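Quick mapping for you: the protein sequence lines, in order, are chains A and B.
If you count the first sequence from 1, position 153 lands on 153 in this note's numbering, and the numbers rise without skipping.
If you count the second sequence from 1, position 121 lands on 121 in this note's numbering, and the numbers rise without skipping.
Just so you know, these hints were derived from the structure itself, not from any lab.
Bear in mind the structure is a predicted one, so any value in this text is a computation, not a measurement.
Hints may be right or wrong, so weigh each one.
[As the list claims (entries may be wrong)] In silico DSS-like links for lysine-lysine, alpha-carbon gap of 30 Å or less:
| no. | chain 1 | residue 1 | chain 2 | residue 2 |
| --- | --- | --- | --- | --- |
| 1 | B | K106 | A | K131 |
| 2 | B | K190 | A | K114 |
| 3 | A | K272 | A | K131 |
| 4 | A | K113 | B | K106 |
| 5 | B | K106 | A | K405 |
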Amino acid sequence: MAAIEMKNIVKQYGDGFPAVNDISIDVEDGEFMILVGPSGCGKSTLLRMIVGLEDITSGDMMIGGKRVNDLAPRERNLAMVFQNYALYPHLTVYENIAFPLRLAGASNEEVDKKVRDASRTLELDEHLERKPGNLSGGQRQRVAMGRAIVRDAEAFLFDEPLSNLDAKLRGQMRTEISRLQRRLGITTVYVTHDQTEAMTLGDRVAVLKRGILQQLATPRELYTNPVNLFVAGFIGSPPMNFLPATVEGSSVKLPFGTVTISADRAKRAQGKGLLIAGIRPEHFEDAAVMESGKATPGSTFRTKVDVVEWLGNQAFAYSPFEAPEEVQQQLLQLERDLDGEALHTQLVISLDSSSRVKEGDEAEIWVDSSKIHLFDPATGENLTVDESAAGISPSDTSTAEIADKQDSIASPGEQEAAKET
Amino acid sequence: MRRKTGVGTWLGFIVILVWCLLPIAWIVSLSFKSLAETTTGSPQFLPKDATWENYKVLLGMTDDKTASHDFLAALRNSFGISIIATILAVMIATLAAYAIARLDFKGKRLVLSLALAIAMFPVVSLVGPLFDMWRTFHLFNTWPGLIIPYMTFTLPLAIWVLSAFFREIPWEMEQAAQVDGATSWQAFRKVIVPLAAPGVFTAAILTFFFAWNEFVLAISLTSTTKSRTVPAQMSYFVGPDPFNPPYVQLATASVIVTIPVIIIVLLFQRRIVAGLTSGAVKG
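Produce the entire structure from the sequences given, and follow the hints as far as they go.
So, in structure tokens, the structure goes:
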């Protein structure tokens with residue numbers, strides 16, 4: 001087991017495509033680190049540079065305090081689980097798991113003992129003599145994990161291991177991976193584009209965009225203190241609402257009404273003109289179902305709800321609004337960065353399931369004004385971030401320059417390749 | 001849609017089967033006839049009294065060894081030359097195809113197009129030059145004298161077949177092996193080659209058949225039974241009357257050389273199972 005240190009890692013492809021740009025991440029010994037971001041953000045490339053399948057253009061990759069830039073994959077002693085599992089179809093499950101041990105020249109007794117240990121851990125005992133072709137997706141996934149845990153690797157690397165499973169299995173395997181990692185206490189780097197996996201599995205999460213580190217923090221810090229619009233929009237489901245806002249004194253003017261925020265927060269957003277306010281759906285509530293006295297004036301507004309989705313434990317209400325042109329542009333760009341396709345700007349409100357708000361109603365909605373974030377529309381920077389609880393973020397997270405470079409180089413074929421990595 | 005496999009389909013099957021197999025049936029039937037039966041004019045389809053005599057004569061199981069037309073020597077040459085040419089061609093083609101499928105180098109297209117051009121080159125036009133060259137190099141009428149051209153002419157096809165197979169194998173297989181601690185050579189030998197086995201067998205069969213059936217080079221580059229293969233040797237099957245070749249013995253020789261081909265096809269057919277790679281990646 002070992003710590004992995006990435007120091008100013010850069011990856012530039014032969015055609016000049018800058019896939020990873022000056023990323024520094026320290027993964028502590030035994031830590032579960034998540035690399036997350038939309039497709040083409042360089043997360044898989046970064047992982048493949050750790051394991052040695054991709055050359056490092058510049059920077060230092062340190063594993064256990066040793067620089068490994070020039071070592072071949074087999075000399076790095078890392079275990080990796082591939083997105084498509086990459087099991088050897090001509091070998092039985094037993095031999096698949098034994099493969100790394102056989103290469104290392106282990107004796108038959110040792111191989112047998114370790115393979116059986118691994119198979120017991122992963123409950124593969126009754127499948128040992130079968131070929132991967134006869135296994136279900138979840139079983140193949142476990143064989144791939146077996147091949148990783150059977151040897152004493154310095155660290156585990158996962159490349160979107162759950163993306164080929166159906167939703168239910170994905171949930172089960174997620175807890176399984178988490179349990180396994182806690183038990184073995186082994187350093188783990190896990191790549192995903194799924195923010196749920198990122199939030200649930202990681203000790204810390206690194207959010208990447210266009211090969212640039214945006215924020216490196218615990219899931220809680222990311223959720224409560226995103227450093228910019230991108231992180232705020234990426235983390236959380238349903239995503240954070242972004243509304244045009246103007247701050248005057250301590251009051252914030254939103255499309256639906258005006259709410260009051262604390263003087264301290266208001267001060268930081270003073271005199272910036274038109275801003276983007278970010279409010280998570282659960283920080284709204286139907287004023288009618290709240291304890292009396294809590295929904296004070298200055299923290300409620302009235303809006304017309306056009307769709308209500310009642311889920312049993314909660315309900316979502318949707319309310320469309322018009323955004324001014326400059327905010328609209330910024331939000332559309334953000335949506336593109338997040339691989340999304342927003343058709344129109346709407347407010348998503350999470351309501352208590354006891355709420356009786358119906359479609360077409362005009363409801364009185366309370367908003368927790370202490371949880372409102374204010375973003376600068378030009379830079380996307382969060383003006384109200386609590387820096388003491390926002391983890392690590394490079395001083396410059398802007399991707400405009402890199403985006404131009406990437407877009408000018410990437411032909412359709414390369415964009416496809418970039419998406420894959 | 002089930003009803004479609006009706007009378008018409010079966011009729012079609014039968015027509016095609018008769019069309020393809022009748023000549024073979026004719027040869028088999030001929031091989032069991034006695035020499036006298038064919039020389040006396042229009043023979044009937046089935047032998048009057050079937051005999052193993054022709055097989056015995058050709059395989060040298062009779063007292064008169066000269067009657068066998070040196071068939072056994074030719075058979076030995078055929079096997080030796082075909083097998084060696086096949087092994088060499090497949091080995092070289094495997095390495096070449098792997099490089100073409102995996103590595104990015106300048107002139108890759110050129111190599112492939114050249115290979116294809118060679119495959120299309122008419123063999124007959126090379127007979128003359130080869131004959132002269134082989135005499136100079138003392139390769140005339142030797143095994144290598146046939147093995148080298150056979151290998152060369154089958155390489156392009158083998159490379160094309162194998163590189164198509166290698167391209168089908170996911171890159172991740174190899175990368176996984178490398179992460180698991182394999183060297184490039186180990187990854188190739190333990191993971192890629194077993195996965196490409198169907199392709200290797202296909203290429204091997206094609207190469208073997210080419211060498212086994214080849215006639216033009218075999219007749220031109222050999223002069224004695226030291227290296228003459230069966231197809232060439234059969235043209236030397238002459239009876240007492242030059243205008244009346246021993247048809248029954250020719251037929252018998254044809255049947256005997258067909259048997260290994262059938263055995264090989266039946267043996268390797270099991271190996272050429274498509275979808276060996278299924279299960280490697282997501283289902």
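| message | I'd like to know which numbered hints this structure contradicts. Please list them from smallest to largest. | response | 1, 3, 4
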